Amino acid sequence: MKEKTTDKKGSILSPFKAVKYLFKKPCTLRYPFEPKEPALRYRGFHLNDWEKCTGCGNCADICPNEAITMEKIPEIEPKPGEKNERPKLDYGRCCFCGLCVDICPPASLRLSRDYFHIHFDTNSFTFIPKDEKTDKEHFLRPEQYSILKASLAHRKESYEGFVSDIDYSLFEPQRVSMPEVSPDERKLSFIEQVIGYSKEEAKAEASRCLECKLCEEACPAHLKISDYIRAIYEDKSGESLKKIFEDNPIPSICGRICMKHCEAACSLSIRGEPVAVRWLKRFVADSIKDYKTALELRAAEPTGNKIAVIGAGPGGLSIAYFLTLKGHKVVVFDSLPGGGGMVRIGPPLYRLPIEAIDKDVNHIASLGVEFRFNTTVGKDILFEDILKEYDAIYLGVGTTVSRSTKVKNIDKAHLALPFLNANKITEPVKVGKEVIVIGGGNVAMDVAREALRLQHMQYPGENVITKTVSLEGWDQMPATEDEIEEAKAEGIRFNPGWGPKEVKIENDTIKGLLCVKVKSVFDEQGKFSPAFYEEKKMFLDGDMIIEAIGQAPNFSFIPKKLFDKLEFTPNRKVKVDENGMTTIPALFAGGDIVNLNLDAVTAIADAKIAAEGIHKMLCEG
Amino acid sequence: MEVLSVNTNSKKTGSTRELELYFGPQHLGMVGNFSITLKVEGDRILEAQANPGYLHRGFEKLMEYRTWIQNFPLVCRINVVEPDHIEMIYAMAVEKLAQIEVPERAHFVRSIYLELARVGSHLFGLWAYANMLGFDTVAQWAMYHRDLILDLFEELTGGRVYHIYIWPGGVRRDFPPGFNDKIVNTLHSIGGCVPDYDSTFFNNRLFYERANGIGQLTKEQAKQWGATGQTLRATGMKFDIRKVEPYAAYDKVDWDVPVREDGDAYSRVWVIRDEMIESVHMIFKLLDAMPEGPVYNRIPNPFKWKVPKGDAYVRCESSRGELGLYMVSNGEDKPYRVHFRTPSYPHGLIVLEELLKNASIADVGNIMISLYVVAPEIDR
Numbered sequence: 001m002k003e004k005t006t007d008k009k010g011s012i013l014s015p016f017k018a019v020k021y022l023f024k025k026p027c028t029l030r031y032p033f034e035p036k037e038p039a040l041r042y043r044g045f046h047l048n049d050w051e052k053c054t055g056c057g058n059c060a061d062i063c064p065n066e067a068i069t070m071e072k073i074p075e076i077e078p079k080p081g082e083k084n085e086r087p088k089l090d091y092g093r094c095c096f097c098g099l100c101v102d103i104c105p106p107a108s109l110r111l112s113r114d115y116f117h118i119h120f121d122t123n124s125f126t127f128i129p130k131d132e133k134t135d136k137e138h139f140l141r142p143e144q145y146s147i148l149k150a151s152l153a154h155r156k157e158s159y160e161g162f163v164s165d166i167d168y169s170l171f172e173p174q175r176v177s178m179p180e181v182s183p184d185e186r187k188l189s190f191i192e193q194v195i196g197y198s199k200e201e202a203k204a205e206a207s208r209c210l211e212c213k214l215c216e217e218a219c220p221a222h223l224k225i226s227d228y229i230r231a232i233y234e235d236k237s238g239e240s241l242k243k244i245f246e247d248n249p250i251p252s253i254c255g256r257i258c259m260k261h262c263e264a265a266c267s268l269s270i271r272g273e274p275v276a277v278r279w280l281k282r283f284v285a286d287s288i289k290d291y292k293t294a295l296e297l298r299a300a301e302p303t304g305n306k307i308a309v310i311g312a313g314p315g316g317l318s319i320a321y322f323l324t325l326k327g328h329k330v331v332v333f334d335s336l337p338g339g340g341g342m343v344r345i346g347p348p349l350y351r352l353p354i355e356a357i358d359k360d361v362n363h364i365a366s367l368g369v370e371f372r373f374n375t376t377v378g379k380d381i382l383f384e385d386i387l388k389e390y391d392a393i394y395l396g397v398g399t400t401v402s403r404s405t406k407v408k409n410i411d412k413a414h415l416a417l418p419f420l421n422a423n424k425i426t427e428p429v430k431v432g433k434e435v436i437v438i439g440g441g442n443v444a445m446d447v448a449r450e451a452l453r454l455q456h457m458q459y460p461g462e463n464v465i466t467k468t469v470s471l472e473g474w475d476q477m478p479a480t481e482d483e484i485e486e487a488k489a490e491g492i493r494f495n496p497g498w499g500p501k502e503v504k505i506e507n508d509t510i511k512g513l514l515c516v517k518v519k520s521v522f523d524e525q526g527k528f529s530p531a532f533y534e535e536k537k538m539f540l541d542g543d544m545i546i547e548a549i550g551q552a553p554n555f556s557f558i559p560k561k562l563f564d565k566l567e568f569t570p571n572r573k574v575k576v577d578e579n580g581m582t583t584i585p586a587l588f589a590g591g592d593i594v595n596l597n598l599d600a601v602t603a604i605a606d607a608k609i610a611a612e613g614i615h616k617m618l619c620e621g
Numbered sequence: 001m002e003v004l005s006v007n008t009n010s011k012k013t014g015s016t017r018e019l020e021l022y023f024g025p026q027h028l029g030m031v032g033n034f035s036i037t038l039k040v041e042g043d044r045i046l047e048a049q050a051n052p053g054y055l056h057r058g059f060e061k062l063m064e065y066r067t068w069i070q071n072f073p074l075v076c077r078i079n080v081v082e083p084d085h086i087e088m089i090y091a092m093a094v095e096k097l098a099q100i101e102v103p104e105r106a107h108f109v110r111s112i113y114l115e116l117a118r119v120g121s122h123l124f125g126l127w128a129y130a131n132m133l134g135f136d137t138v139a140q141w142a143m144y145h146r147d148l149i150l151d152l153f154e155e156l157t158g159g160r161v162y163h164i165y166i167w168p169g170g171v172r173r174d175f176p177p178g179f180n181d182k183i184v185n186t187l188h189s190i191g192g193c194v195p196d197y198d199s200t201f202f203n204n205r206l207f208y209e210r211a212n213g214i215g216q217l218t219k220e221q222a223k224q225w226g227a228t229g230q231t232l233r234a235t236g237m238k239f240d241i242r243k244v245e246p247y248a249a250y251d252k253v254d255w256d257v258p259v260r261e262d263g264d265a266y267s268r269v270w271v272i273r274d275e276m277i278e279s280v281h282m283i284f285k286l287l288d289a290m291p292e293g294p295v296y297n298r299i300p301n302p303f304k305w306k307v308p309k310g311d312a313y314v315r316c317e318s319s320r321g322e323l324g325l326y327m328v329s330n331g332e333d334k335p336y337r338v339h340f341r342t343p344s345y346p347h348g349l350i351v352l353e354e355l356l357k358n359a360s361i362a363d364v365g366n367i368m369i370s371l372y373v374v375a376p377e378i379d380r
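Those protein sequence lines, which keep their order, are chains A and B.
So the first sequence is numbered by the working numbering: it starts at 1 and just counts up by one.
So the second sequence is numbered by the working numbering: it starts at 1 and just counts up by one.
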C-alpha cells in the first residue's frame, strides 16, 4: 500500500459545532396538520373531461402497464368522432408516467395533484376518472374538502397537475402540406389543383395516424382506414389498395372528391390537422397503374343472374363491382358518354380530371361489367323492358335536375348542371365578364370557380369578376371551408346573407341582380323558409347569372302505374328497407335519391348494402 | 448476523474455526436487497461471496416486449437512487440508432438535471454511509438536503423519485417560470451547510479513524477489476466519461474532475464530497450559458415508430461510475436486445469480494457502502 498523501486527520472536537442546530426550527413537517402542497406539475390521479374525451382509446394503447382499459358507458350516445367509451384506470398498475396525457389528442385526460387513496376494498382501486365539470359529487370545494378523508372519491376541485402540452405531445398535430398549383396560376386554366403526395410525403403523412379508428365509424362506407394507412406507412401500396377495394372500388375518384367524413372525425383534428385520409387514398390509387394485377381478384363462379344498374355514378359503379365479384352479370345504363354520373359532370376538371374517373370505370369494365353509355332509360330503352329482362334492378340515378329560384326574369339565367355539363361534356359555355353565381353550396363553388377559369380563358388579360350571392351567412354556408378558402384565394367575391329578388334586364341583356337582405334562412322548426328585410336592398352588377341552389331527381322514366307504388320518406327520399330494396320487389335504390348526405361515399355505402341485399335475394331466396 | 454453518477445521487445532456467515439481506449494516456470504476465521474474513438476485425484475427481457416509448417509463426503475442517468443513456442509445437530433437548450437542461441528480444521489449515498457508521446527525442532514433536491425535481417533472423526464428527442417539458432562481436558491442553502458537514463529518477525527485505510485498492487493481467512478478516481486516476466522451452540455462549460490518491474509503467519500461541490459550480455555469429555444424535437408517432436496424453502445458517467447501454434494434417497433452495464455490477461483485478478503467483519458494511453499491442496479 502507498503512503498516505494527506495528514489532515481532523479534530475530535469539531463535531460539537453541530450543537447550534439544537436551537433551529425542525425541517420536518407535521403532516397532515402542516400540509405540503404538491408541485404544479405533480403527476397524481387522473382527471378526465368527459365532454372533451372522444373515447379514442389512445391512452389505453400507449399505457406501458395496461393500467387503462376502455369501459363502455351506456349513457353516452356514440356519434361520428366520439365513441361511447371512457378510460378506466387500475391504480394497482398505474405508474403515473403520464404517457397517456401526452398522447391524448383532445387533452381531456390530465393528472391531478391528488395522490391519496386509502380503502379496505381493493376493487375501489379501479376507477373511471372524471373531473369537476361532470362529477360535482366527488370533486369538492376547499371548504368541503378534508385531507383526512382524501381518496379517489374525495378530491379537491381545480387541482390540475401534469397536463397536456401540444409542443410536447406524442402525436404530430401538423399534416404534411399538399403541394398545390398556386391560385394565380391555376385560375388561368383547368390544370389539376392538387399535385398529389410523393412516396416520402405519403409515408410521413401516414405515420401520423394513431389508429384509433374514430374515422372508420364516421365513414358512411366504413372503409378500413387505419389498416390502409398503416400499409402505406409500411410501403405496401398493394396491400393498401386491397384494403380500400374491400369497401370502395373507386379510389381514384374518391381520393379526389370525397367529402371526407373521416377527416372531420379524426382525433387529431381536435387540436391539430386531421390525417389527410383522402389524399392518402388518392396516393394509393395514383401510385398503382394497374389495379387488376395489384388486387389479384379471383372471379366467382357465374350465377347466371342478370342485374341492371341505372346510372353509372359512384353508387352504380360500386354495386356493379360488388355484384360482379359475386358472380352476377351486371349491365349498367347511363345517358352520359362515360362513367361517373354526377362526378363526371359536377366536379370541375381542376378537381377531378376525366382520366381519374376513367381509370376507375375502366377497371370495373375490365372485370366483365357491361356499360351501355349514351343510353337514356325511358327513351332509348324502356324501363318496363328492363324490369322484364333482368332479375334485379338498382336505381342509382341521382339528382339530375337543377332547381331554380323562380324570381322575376330568372329565365335569362343559366342553371348549374347544364352549365357544368356543357363545360365538361360538350362545348364550354361563353361566359360574361361579370358573373353572378346564386348559391352557397359546393356546387355553387364549383360553378363560380369554373366560371372564373372560363373568363380568364375567354378574356385573357381583361378585367373579369365572378361573385356569389347566398342566403346563408358565413357561418351557415353549406360549402366546405376548404372550398370557400380556395375560392377566395382565386379572387371570387362573396355576398353572404343576401337573397335574389329580381334579375334586371335592359335591351334583352342581363344588367344585374337585385338582392334583399336575409333576416333568417330557417324557421323555428328548422325548416328551410327564408325571411327577408324587404327594405334593405343591394344591386349586384353582372352580365351573366348562374343558379346553383340545389338539385332534384328525375323519375319520369318510371311508368306512372309503377311510380305510384314507389313510396317516399317524409324527406322526399325513396324509401328502402335494410337491404336497400324499395317498395317495388326486385327494385333496389341508393345514392342521392335515398340518403340525405348527397355525396359519393354515402352512395357507395348504399350500394354495398344493396349488393348484399340483391345477392341475398337471388341466391338465398 | 447469522451463523449458517460451523466447519471445524480438522487439520487445525484449538481456537481457529472457520465459520460461514450471512451478511444480509436482513442486516442492519446492509443497505439494499443484497447479501454477502462470508467465510471467516475469528474476526478475519477469508473469503467473501456477493449474492445478488434478491431484486431481479427482468428489466432487460421486459424491454424486448415493450415499444420504444413504453420502455421509457420502465428504465428509470432500474435504479431507484438515481433513475436519471438510466433515462439518459436510454435516450442516448435510441437517439443514436434513430438519428434523432436534440435541440441545443435540451442539452443544457439535461446536464443541469443530471448534475442535480448527481448531487441528490451523492447525498443519499452520504446518508447511507454516515448512517451505517453511526453519524446520525449528518445522515439526517443529507436526507433533508436530498429532499430539497427532490422538491426541485417535483417542480420540474411532476415526480419526486421517478422523474421520467429525459426522453428521446430532448426532455419532456421546459423549465417552469422562475425555476433557474429556485435551483440557485436551493443549491445555495445546501452549500451553506458545507462547513457544518465538514466539521461534523468530513473533518471529524472519528470519521478519519473509521474510514482511513479501509477497503484500499491501487490504481492497477481498480483498472483490473473494472472499477469506475469515485472508486477509480480515489486511486488517483482522472477518468470521467463526461470528460472522455462528452455528452449533453458537459463540453460547453469549464469544470474539473476531483481526484484523491489513496484509494481507501476515506478518499472515496472525499471524492464524493468534492464532486458534489464541483457539480453545484457546474450547474451555476450551465445556467448562465444556457441558450433559449426549444427543448424537444418530436419523435415519430409512438404507435408506428420503428427504430432503424443496427446496434449502439452508449455510456455516461452516473453518480456511481460508468453506466453503459448496448442496444440492438432489428428495425421493429420494440428493441431486439438491451443490455445495461451498471457501475454497481463490478463494484458490488468483483471489487467488493476482493476488498473484503482479510478485512474485519466490522468493516463489511463500511467497505460495501463506501463503494456505493446499489443492489437494484446489479439485478436489473
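There's no promise every hint is true.
Claimed, not checked - Restricting the straight-line Cα-Cα distance to at most 30 Å, the calculated cross-link-like pairs of lysine-lysine (BS3-like) are:
# : chain 1 : residue 1 : chain 2 : residue 2
1 : A       : 52        : B       : 243
2 : A       : 203       : B       : 304
3 : A       : 83        : B       : 309
4 : A       : 79        : A       : 306
5 : A       : 236       : B       : 182
6 : B       : 309       : A       : 88
7 : A       : 236       : B       : 309
As the list claims (entries may be wrong) - Away from chain B, derived, C-beta distances all over 12 Å, residues of chain A:
#  : residue
8  : 10
9  : 116
10 : 288
11 : 372
12 : 585
Unchecked claim - Derived list of chain A stretches under chain B, where covered just means 3 residues or more per stretch with a C-beta under 8 Å from a C-beta of chain B:
#  : stretch
13 : 93-100
14 : 162-169
15 : 388-394
In short, the hints are calculated from the structure, not lab data.
Being a predicted model, the structure only gives us computed values, none of them experimental.
Positions of the beta carbon are idealized from the N, C-alpha and C atoms, including for glycine.
Verification of the hints:
no.	hint	result
1	A:52 x B:243	violated (50 Å)
2	A:203 x B:304	holds (11 Å)
3	A:83 x B:309	violated (37 Å)
4	A:79 x A:306	violated (39 Å)
5	A:236 x B:182	violated (53 Å)
6	B:309 x A:88	violated (36 Å)
7	A:236 x B:309	holds (19 Å)
8	10	violated (4 Å)
9	116	holds (15 Å)
10	288	holds (22 Å)
11	372	holds (46 Å)
12	585	holds (49 Å)
13	93-100	holds (count 5)
14	162-169	holds (count 5)
15	388-394	violated (count 0)
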